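Each chain is listed here by its residues.
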Amino acid sequence: MQALHTAATGMAAQELNVQVISNNIANLRTTGFKKQTAAFQDLIYEHVRRVGAQASDQGTIVPVGVDIGGGVKTVGTPRSMTQGTLSQTGNDLDLAISGEGFFKILMPDGTFQYTRDGTFQMDNQGRVVTAQGNPVQPTISIPNNASGLAVNEQGQVSVTLPGSSTSAVQGQIGVTRFINKAGLQPVGNNQFVETPSSGPPQDGTANSEGYGKVTQGSLEQANVDVVSEMSDLIAAQRAYEMNAKVISAADQMMQSTTALFR
Amino acid sequence: MQNALLIGLSRQMTLERQMDVIANNVANANTNGFKADHSLFEEFLNSNAREDNFIASDRRVSYVQDRGTFRDVGQGPMEPTNNPLDMAIDGNAFFAVQANGGERYTRDGKFSLNSTGQLVTSDGNLVLGTGGPITFQPTDHDINVAPDGTVTVLEGTAKTDSIRGKIRMAAFDDAAKLTKLGANLYDVGSATPQAITRSTVRQGYIEKSNVNSVGEMSRMVEVMRSYTAIANLLQQQSDLHKSAIEKLADVPA
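Chains as they are written, first to last, in the working numbering: chain A, 1 to 262; chain B, 1 to 253.
No lab work stands behind these hints, which were simulated from the structure alone.
The structure displayed is predicted, hence computed values, not measured ones.
Each hint can be trusted.
Using 27 Å as the maximum straight-line C-alpha spacing, the simulated BS3-like pairs for lysine-lysine come out as follows:
no., chain 1, residue 1, chain 2, residue 2
1, B, K208, A, K245
2, B, K208, A, K73
3, A, K245, A, K73
4, B, K208, B, K177
5, B, K159, A, K213
6, A, K104, A, K213
7, B, K208, B, K166
8, A, K73, B, K177
Sequences are here, hints too, so could you generate the full structure?
This is how it looks when you write it as structure tokens:
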């Protein structure tokens, strides 16, 4: 009986759906996290009676066919790249991007990764680094006797040096965007790497040509909406249960047949 | 007497297929843009096994067969996603996409961009506009889709809208006759798309599956009960048969 297998594909799909939802909920408070949704498609159909086929010698044609579907498959877990809300931290090196773009991070192996998590710190050489200690690009060094650190909307970092009354620009934090940012691959640590589907990185200047602006003293919250996640979770759970009911009903039908003519 | 068995079996076979259709609907309860299928049955008169030449002619034996599956093309619920590339159609039209094997149609508006900035479906098939695929520039932002499908963006630092194309919608006289190809795609065969009169695109929404869970569950119970009832009937027929043979063949010694 096909229904057994069909319902099994449904259960597997909903199981994956719950996994995706639980990852979103687990990252509810992760800075710069972008939520995912599972997307499903129907499987190929068996055309038992083909619509449009000749139905009789009189030339009448079949008006509606008998199409039996084989269930469901997961086609992807697309990431929703909508803006998360900014929350103020008051920390000079907490940066957020409102609008398009990612911070570019230099990894120890010389490759670049991209993040929306602007929880930056200073390392022992005065460089602006991520929580993992990897420098933000272009590398910015801040003298350890500097004061009054300010980052403007273009990402320019300026400080006041001792013996000077005006602030001096120390460097500019770059912003990078991708034509298909949803095509970036997550690698953990709130960071992404470029893929053939994201397109090549385009380095630019914040707050110009459509690049988002940098906000100092704020962090971007996850774009997870807990209420919609909870309702999706309930919907997934109910769908899972329904598929289980179909399996048990199909099983009961088969049982009634196998019990015949004992 | 054998006819009762055969009639029962013909009904069981259609019930089994109906169960398959219900299972597929339930499995796709969370599939974007999915349209539920329902089974149709018809009486099937067996003309070959009938003889009318007797004074009392044979009674016609009628079986059941499935005539078709009809599609519920009703609107699925709209779920807001806030994603500018998610689109849903309010109305009876379909999105036109360029798939393997030609132009196909879909109600699944979970779109994204590919690496060259073209609007694509989850499978990477191009979404077609009235003038071909819709392509975005690297510096485009603030994508806006009007109800008629016109896609505008703000380009770079420009403060005025630039048009990137118009989403092509196609409506059909009888959408229930479109063939499902799987992967949320439909094939129209020889039918030609009609002019759009009352369909609009809603940006930032996804059309969910129009499967009615309560209806599917009650139909499922109905199918299961009918199936078991016929199994019981077959059992009784068989018992009757058996006892008839036993009694009639019981020759006293």
